[in-house]
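Enquirer: Here are the chains, one letter per residue:
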Amino acid sequence: MNLALSLGVAILFGAGIRLMLGRDLVRIAAGTLLISNAANLFLMSAGTAEGLAPAQGPTNSDPLVQTLVLTSLVITFGFTALLFSILQAIYRAWKTLDTREIERRGRGG
Amino acid sequence: MIFLPFAIGWIAAVVLFALDGTRRWVGWLALVAILGMFGAAVALLVQVADGQEPAIVVGGWPAGLGIRLRADWLGVGFAVPVLGIIAALLCIENLRGGLRTRIGPALTVLISLGLTGVFLTGDVFNFYVFFELSMGSAFAITALASRGRHVRVAATFMVANIFGSVLFLIGVGGLYHATGSLDMPIVSARLGADPAGTPLLVASLLLAAFLLKLGIFPFHFWVPPVYSETRAPAAALLAGALANIGSYGLLRFGGEVMPDALRTGRVVLLAIGAATILVGSVLAISRQPVAEILAYSSVAQNGYILLALGMGGYAGFAAAYVYAIVNSIAKALLFSTTGARGPLVGGAFLVGAMSTAGLPPALGFVGKLALFRAAWSEREVWLVAWIVAGALLAFFYMFQAFQQRFWMVEEHERSSRSVRVGLGVFALAALALGVWPEPLLGTGSRIALLLAGGQP
Amino acid sequence: MSLLVQGMARLLFLPSIVVAIAFCVKGSTGEGDGFSGGLVAGLAVALVLLGFGPHEARRILPLRYAAAVAGVGFLIVVGTAVLPAILGAPPLQNRPPTGAQAVRLGAIGVNTALIFNTGIGALVAGGVSLVLARASNGSGRRR
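So the protein lines, in turn, are chains Y, C and F.
Reminder that position 14 of the first sequence reads as 8 in the numbering used here, one-by-one numbering, no gaps.
If you count the second sequence from 1, you need to add 176 to reach the numbering used here.
If you count the third sequence from 1, you need to add 67 to reach the numbering used here.
For reference, chain Y alone in the conformation it holds in the complex (with noise of 0.2 Å):
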């Protein structure tokens, strides 16, 4: 797990958490797809270290994770396309995609 990878990670999980504390709508679905992917990212850095993985010959990643990694990437894939319909949706029914906007709304406003 190089300082390179952690950086990395760190650097998509926060940048995605900072976006999802936003007011907008579009903002925290992006934020969610950042987190989701500093995840997959941390999951691939488990192919790169050293521990008790068992060896796989000189080369030093480990297939499996790859593997891991991009069956996340679709569910990711597929849960990100999910969440922008219902974003679709909702700019239909509030006209407006901002949080405040619409908890405003919704309380009576």
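For the record, the hints were derived by calculation from the structure and aren't laboratory data.
Hints are supplied without guarantee of correctness; some may be wrong.
As the list claims (entries may be wrong) - A short list of chain C residues far from chain Y (calculated; beta carbon distances all over 12 Å):
(1) V190
(2) V208
(3) E308
(4) M311
(5) A605
(6) L626
Claimed, not checked - Estimated spans, in silico, between C-beta atoms of each pair:
(7) Y/R17 / F/L110: 40 to 48 Å
(8) Y/R17 / F/E123: 32 to 40 Å
(9) Y/T90 / F/E123: 26 to 34 Å
(10) F/L110 / C/V601: 27 to 35 Å
(11) Y/A87 / C/P519: 31 to 39 Å
(12) Y/A87 / F/L71: 34 to 42 Å
Given the structure is predicted, the values throughout are model-derived calculations rather than measurements.
Think of the CB as a built atom: it goes at the ideal place given N, C-alpha and C, for glycine as much as any other residue.
Keeping the supplied structure of chain Y fixed, place chains C and F upon it in accordance with the hints.
Expert: Then chains C and F, alone, in the frame of chain Y:
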């Protein structure tokens, strides 16, 4: 033939996606498929009760290398009731005919498939994939079931659960970093041999993920809006079937894969469970729409499961399992009655309400009793007192809900007879289980033996 | 700018499809995999949608068959997974097993993994195209 429920599920999913779910017969076809899966699960239960442990490695790879599917008491103990609940819910929904969408039936089958996979897989990452399959289908159903302005809860639901999934994935990554394997027994063995603090860290991540999914304090914020603003069938599915991913996950990962971490975290679990019961029950009182009361009640009831897990040991695990199943059935019943009218509906609600409050002869009494036994064996007075207090609060808000729903409003139109009969049958089944709880309790003790290593 | 994208779409579409098919087919032995193949095909569709706008794109590409393509892919995938189970072997087993002789189509060995990868490619390509087609339904300016 452990693959049988999966085969039925996958084939049914392909067929159902090609058909148009707005036709009545497609919904019934989905029910046939789910009943088939239920039957296969029961067959597996019979095999497990016989002492076998059916297992298979996908692709024919050697065990430890490939993905292992295995049926043990914990797996079939969850699979059989949950598939039964989904079948009952789908049946009632077909009778009611309210939620007619093109892919509704197909999505319900996918949820069943995902849940079966969650319960029957022996591979940590495969667990993740199957539970994402269930959650994805659940997101879609929730979005379809919240028409108009209520669709915003679908986004809340998704974002909260995706965050939980991310935590879980990081935990899985941590498990692989630490042990180099994904097979549950192997992970468990290797973690036991590793004295460093990694297991605790990973366990905390997994715990946080499951707490988020179950909707336990302090991660319960998404449950009330989602459960109350989605239409009845979807809410029933969420509360009655999907919440079990969290309960099963806690039992499997806490009990089998990382038992040391569970023991270390006892106090935390007890504290969180107690807080959840308090917050959920108090907030449930004097809410207006019945669905909101039910939502907060779900939060509170899940707290009991955490309490049982915190107690741990033989009695604790058995109580956690029994309570999880009992609660799922009761909540499924309660949420299904939302929107239905008529005398039998009131009876069904009453059964569910009594179960939540823990009154005999309803099912919930059995659950509360198991909890009492566990707490008593711990000799912790405050635990017993807390459980009693929680039960009193539950009685109070359920009574309020019943009043609001059935006494204050003059109801002129009734739901169709078939819906009322369906609900009545469901309620009767729940009642029967309350009067004859032996199968449930027996399974619970087997599971406890499995997890606690045979020390009553 | 849009003219540039349109030009690129014209140029890149067919080669992208070829690459996608190559990924699906090379899946079991070389780089590539059903999912990447499907994704590349989906990206090609996205490029055409961006370059030509939804209206024109629908005239050029048979987007209404996206759901059917995905369905066929799904069928192939489930069939490959379930068929061995019906025949008594563990599900998703690779036939012919490693080491045995395989039917050859030119340089490619045909085995169930190849079929599986093609199924996944179709499923993903169809699925992505479906999502893109539905999302672009009401948008886009008339030229």
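Enquirer: All the hints need checking, so say for each whether the structure fits it.
Expert: Against the structure, the hints:
1. V190: Holds, since 17 Å exceeds 12 Å.
2. V208: The assertion about C/V208 holds, with a minimum of 27 Å to chain Y.
3. E308: violated, 5 Å
4. M311: Non-interface label fails for C/M311: nearest chain Y Cβ at 8 Å, not farther than 12 Å.
5. A605: Holds, because the least Cβ-Cβ distance between C/A605 and chain Y comes to about 34 Å, which exceeds 12 Å.
6. L626: holds, 26 Å
7. Y/R17 / F/L110: 40 to 48 Å: Since the Cβ atoms of Y/R17 and F/L110 sit about 31 Å apart, the hinted range of 40 to 48 Å is violated.
8. Y/R17 / F/E123: 32 to 40 Å: With Cβ atoms ~36 Å apart, the hint holds.
9. Y/T90 / F/E123: 26 to 34 Å: Since Y/T90 and F/E123 have Cβ atoms about 31 Å apart, the given range 26 to 34 Å holds.
10. F/L110 / C/V601: 27 to 35 Å: 51 Å Cβ-Cβ, so the 27 to 35 Å window is violated.
11. Y/A87 / C/P519: 31 to 39 Å: holds, 36 Å
12. Y/A87 / F/L71: 34 to 42 Å: holds, 37 Å
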